[in-house]
Amino acid sequence: MEERIGVFVCHCGTNIAGVVDVKRVAEELADYPGVAYSTDYTYMCSDPGQNLVKDAIKKHNLTGVIVAACSPTLHEATFRRAGMTAGMNQYQVEIANIREQCSWVHQGDKEAATSKAIRTIKVMIEKARLDEALEPISVPMTPRALVVGGGIAGIQAALDVANAGHEVILVEKSASIGGHMAQLSETFPTLDCSQCIMTPKMVEVAQHPKIRLMTYSEVDDVSGYVGNFKVKIRKKAAYVNRDVCTGCGLCVEKCPAKTPSEFDEQLADRKAIYTPFPQAVPNKPVLDAEHCTYFLKDGKCGICAKVCPLDCIDYEQKDEFIEEEVGAIIVATGYDLYPIENLGEYGGGKYADVITSLQFERMLSASGPTGGEVLRPSDGEVPSEVVFLTCCGSRDTENHLPYCSKICCMYLTKHAMLYRHKVHDGQAYVFYMDVRTGGKGYEEFYTRAAEEDDVLYIRGKVSKIFEEDGRVMVWGVDTLSGRKIEIAADMAVLGLATVPNEAAAKLASMLKIHTDEWGFLSEAHPKLRPVESLTPGFYLAGSAQGPKDIPESVAQASAAASKVAALFAETEYHREPVIAVIDEDTCAGCRVCISVCPYDAAEFDDEKKVARIKEAICEGCGACIAACPSGSAQQKNLTDEQLYKMVSAALEV
Amino acid sequence: MFEPRIVCFFCKWCTYAGADLAGTSRKQYPPNGVVVRVNCTGRIDPQHVLWAFREGADGVLVGGCHPGDCHYEEGNHKTMRRVQFLKRTLEDVGIDPERLQLDWISAAEGEKLVHVMSDFVDTIKELGSLELGLKEQEKVA
Numbered sequence: 001m002e003e004r005i006g007v008f009v010c011h012c013g014t015n016i017a018g019v020v021d022v023k024r025v026a027e028e029l030a031d032y033p034g035v036a037y038s039t040d041y042t043y044m045c046s047d048p049g050q051n052l053v054k055d056a057i058k059k060h061n062l063t064g065v066i067v068a069a070c071s072p073t074l075h076e077a078t079f080r081r082a083g084m085t086a087g088m089n090q091y092q093v094e095i096a097n098i099r100e101q102c103s104w105v106h107q108g109d110k111e112a113a114t115s116k117a118i119r120t121i122k123v124m125i126e127k128a129r130l131d132e133a134l135e136p137i138s139v140p141m142t143p144r145a146l147v148v149g150g151g152i153a154g155i156q157a158a159l160d161v162a163n164a165g166h167e168v169i170l171v172e173k174s175a176s177i178g179g180h181m182a183q184l185s186e187t188f189p190t191l192d193c194s195q196c197i198m199t200p201k202m203v204e205v206a207q208h209p210k211i212r213l214m215t216y217s218e219v220d221d222v223s224g225y226v227g228n229f230k231v232k233i234r235k236k237a238a239y240v241n242r243d244v245c246t247g248c249g250l251c252v253e254k255c256p257a258k259t260p261s262e263f264d265e266q267l268a269d270r271k272a273i274y275t276p277f278p279q280a281v282p283n284k285p286v287l288d289a290e291h292c293t294y295f296l297k298d299g300k301c302g303i304c305a306k307v308c309p310l311d312c313i314d315y316e317q318k319d320e321f322i323e324e325e326v327g328a329i330i331v332a333t334g335y336d337l338y339p340i341e342n343l344g345e346y347g348g349g350k351y352a353d354v355i356t357s358l359q360f361e362r363m364l365s366a367s368g369p370t371g372g373e374v375l376r377p378s379d380g381e382v383p384s385e386v387v388f389l390t391c392c393g394s395r396d397t398e399n400h401l402p403y404c405s406k407i408c409c410m411y412l413t414k415h416a417m418l419y420r421h422k423v424h425d426g427q428a429y430v431f432y433m434d435v436r437t438g439g440k441g442y443e444e445f446y447t448r449a450a451e452e453d454d455v456l457y458i459r460g461k462v463s464k465i466f467e468e469d470g471r472v473m474v475w476g477v478d479t480l481s482g483r484k485i486e487i488a489a490d491m492a493v494l495g496l497a498t499v500p501n502e503a504a505a506k507l508a509s510m511l512k513i514h515t516d517e518w519g520f521l522s523e524a525h526p527k528l529r530p531v532e533s534l535t536p537g538f539y540l541a542g543s544a545q546g547p548k549d550i551p552e553s554v555a556q557a558s559a560a561a562s563k564v565a566a567l568f569a570e571t572e573y574h575r576e577p578v579i580a581v582i583d584e585d586t587c588a589g590c591r592v593c594i595s596v597c598p599y600d601a602a603e604f605d606d607e608k609k610v611a612r613i614k615e616a617i618c619e620g621c622g623a624c625i626a627a628c629p630s631g632s633a634q635q636k637n638l639t640d641e642q643l644y645k646m647v648s649a650a651l652e653v
Numbered sequence: 001m002f003e004p005r006i007v008c009f010f011c012k013w014c015t016y017a018g019a020d021l022a023g024t025s026r027k028q029y030p031p032n033g034v035v036v037r038v039n040c041t042g043r044i045d046p047q048h049v050l051w052a053f054r055e056g057a058d059g060v061l062v063g064g065c066h067p068g069d070c071h072y073e074e075g076n077h078k079t080m081r082r083v084q085f086l087k088r089t090l091e092d093v094g095i096d097p098e099r100l101q102l103d104w105i106s107a108a109e110g111e112k113l114v115h116v117m118s119d120f121v122d123t124i125k126e127l128g129s130l131e132l133g134l135k136e137q138e139k140v141a
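Protein chains in written order, with our numbering: chain A, 1 to 653; chain B, 1 to 141.
Only chain A is shown next, with the shape it has when bound in the complex (with noise of 0.2 angstroms):
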């Protein structure tokens, strides 16, 4: 059957049509071989830009669709649907992308760009004139979902997803869920106590009967695709055998050997066996070998052991290796502090009293290192004065990172209006560039904060901060007034920027999830699907993704989770099936495929003497493919014949 294919060039009002003479290019595609029917539209995606295409297929019994438009990772979707429903094959309708990589990167050259749109819309049209229809491969879902991170929107997404009715596993690295939330003394604009708000969610969690917790642990491996996920869990050695724990804390109790405490960030002091915090969930202790007599000196303590009624002090507890099977995963691995070490210039890391938010947060903690109170560190005094500084690494494209941190200006005016109600005569600035406070009551907070409980702002930024006399001084600028600002404070707290968890890097690379250039989490589209990852089957909540308040955080997990609900929803998932395939009569059996292939998809048919591709395992890379020496194994819709005349398309004059 000779091919009838339909060229659809879109303006995106002017975004294409402002460089690429889209006319022109509709024009001249009109007289190349195979295309029966070629038009331009200001908005193909629209509702009547679609159903153009879709009337065009029918009208001039196309067999081939190209869209020459925007990337095909926003609408190639949209317009195979589109083209299903006009009875056309999906897979026979593909995108030409001339905005991403034309329109909008050759804006001087219009001549250039549209002679290059034209080249990128043959590429294509080579390509479809060899489409074959194909049908999706569906292979059985797992309806169970891995959720890595146990902060608040690892928490809420295990809730969601499992009151949606599917199973969950939680996983967390530490010995407790709460994350960064669980530290916070109270939260802005409405200042609820944290530990109030989120341990009831943290309890649920523990008590769900579909949601199976697994603190102390890390994903060690993922292999397989969406809906067939397998994962492999390292259960750290907790030398505890918390299954029988009750929690009772003799242990902790008599623990002779000390470390500084990560939950009160150094502020105080944890036994080498212990629970993080008090309403840690699952509230059972953890020994941390690295901090511990009997580990440390050959055996010579175990008092844990003796004390422990129950016997459940093993020291002899190794790492534990789990593999289970889940059907999608949400990566809600949170944030950092940018280390409080790299600011050099404020002391950070040096100074006892320059300290960072969140040592201020356990600080102002009713179950922190000090009850509640205020005190320097340096001296236990309660400081009179007291200097708040926004953007400490952020929005710093010299020296530090280029990026708004977002949630430090509101924590920050929090922790000053604390500061004032529990030290009644004390004086807070906030040093700052702008007050973002862009949420709902926040720009309330800001304005309670400044006028109320009278914190002094002052617009600049602050270059140096020293010791001296034992108060630390702050030098600064006053960029409304232009005048030179110098306060003797007696302690400094630093907006520290807010940077991807460490854990999230080496957890993207083992996804093979994208990450922005500062490690955060990449979503599919910014606006459209931002909770999705480009790969599907994962779904970002929290501030993986970039910084986030709490609302924000608590409101992407939901969506997370709803994307995964919907998932679940059908109990099959369909694959692309651009795979490849093996020709039985030229195949010569030399099993070149199955050494390269990196999932075990190719397999060697002894009675026949070749090789065969498991359809439901092979993700369409196209290893065999090109170490096939006999051109036996192909690529559906991707075959040497296509790519040989893609090339020759894109080469044409």
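These are computed hints drawn from the structure, not numbers from a lab. Any given hint could turn out to be false.
Stated by the list, open to error - Pairwise CB distance ranges, derived in the manner of DEER restraints:
hint : chain 1 : residue 1 : chain 2 : residue 2 : range
1    : B       : E111      : A       : D396      : 14 to 20 angstroms
2    : B       : F85       : A       : E132      : 29 to 35 angstroms
3    : B       : F85       : A       : N89       : 34 to 40 angstroms
4    : B       : D92       : A       : P136      : 43 to 49 angstroms
5    : B       : D92       : A       : K608      : 36 to 42 angstroms
6    : A       : D243      : B       : Q84       : 50 to 56 angstroms
7    : B       : R26       : A       : E502      : 29 to 35 angstroms
8    : B       : Q47       : A       : E111      : 52 to 58 angstroms
9    : A       : H525      : B       : P97       : 36 to 42 angstroms
10   : A       : C590      : B       : T89       : 19 to 25 angstroms
11   : A       : D396      : B       : F85       : 43 to 49 angstroms
12   : A       : D585      : B       : T89       : 40 to 46 angstroms
13   : A       : G108      : B       : D96       : 28 to 34 angstroms
Each residue gets a CB set at the ideal place from its N, CA and C atoms; glycine is no exception.
Fit chain B to the known structure of chain A by using the hints.
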């Protein structure tokens, strides 16, 4: 003025997405390359590259995921080895191996794509047009 013709084989996970990012960020680069999108650079057969030169390409740019980041485990490693081998072959047949370039460009590296593409176009401009004259020879024959 000589405008090189360049074929770009970009993997859809990293470099193609990086090229999309360059677009969304409205970064500008020369329009000499036309992209052929493949699932993985590991799909590219050395013959595809030779074919491109035969069909009149002055340069071929292959863009894939950084080592360790390949969506398909190690397709990019296979490509790396093939490209090295292919560069030697090109030299043997009288094509400057610089006309074939492999680079790792992630989905986050729109800026890098712009640099790689611009530099490659400059390199090819310096090398000049690749006059294989194959098509003409065939015509005569």
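Using the beta carbons of D92 of chain B and P136 of chain A, state whether their distance is inside 43 to 49 angstroms or not.
Taking Cβ atoms as reference, D92 of chain B and P136 of chain A lie about 44 angstroms apart, which means the hint holds.
E132 of chain A and F85 of chain B - C-beta distance against the hinted 29 to 35 angstroms
Given a distance of about 32 angstroms, which is inside 29 to 35 angstroms, the answer is holds.
Range first: 52 to 58 angstroms. Now tell me if the beta carbons of Q47 of chain B and E111 of chain A are that far apart.
33 angstroms, violated
Verify the CB-CB distance for C590 of chain A and T89 of chain B against the hinted window 19 to 25 angstroms.
With a Cβ separation near 22 angstroms, C590 of chain A and T89 of chain B satisfy 19 to 25 angstroms, so the hint holds.
Check the following: the C-beta atoms of R26 of chain B and E502 of chain A are separated by a distance inside 29 to 35 angstroms.
Since R26 of chain B and E502 of chain A have Cβ atoms about 33 angstroms apart, the given range 29 to 35 angstroms holds.
Cβ separation of D396 of chain A and F85 of chain B, checked against the hinted range 43 to 49 angstroms
46 angstroms, holds
Hint says 50 to 56 angstroms; check whether the CB-CB distance for D243 of chain A and Q84 of chain B agrees.
Given range 50 to 56 angstroms: holds, Cβ gap about 54 angstroms.
Could you say whether the range 34 to 40 angstroms given as a hint is met by the Cβ separation of F85 of chain B and N89 of chain A?
Check passed, 38 angstroms falls within 34 to 40 angstroms.
I want to verify a distance hint. Is the separation of the beta carbons of G108 of chain A and D96 of chain B within 28 to 34 angstroms?
Since G108 of chain A and D96 of chain B have Cβ atoms about 29 angstroms apart, the given range 28 to 34 angstroms holds.
For the pair E111 of chain B and D396 of chain A, does the Cβ-Cβ distance stay inside 14 to 20 angstroms?
19 angstroms, holds
Lying within 36 to 42 angstroms: is that true of the beta-carbon distance D92 of chain B to K608 of chain A?
Roughly 38 angstroms apart at Cβ, these two residues keep to the hinted range, so it holds.
When you take the CB atoms of H525 of chain A and P97 of chain B, is the distance between them in 36 to 42 angstroms?
39 angstroms, holds
In summary, the numbered hints that this structure violates are 8, 12.
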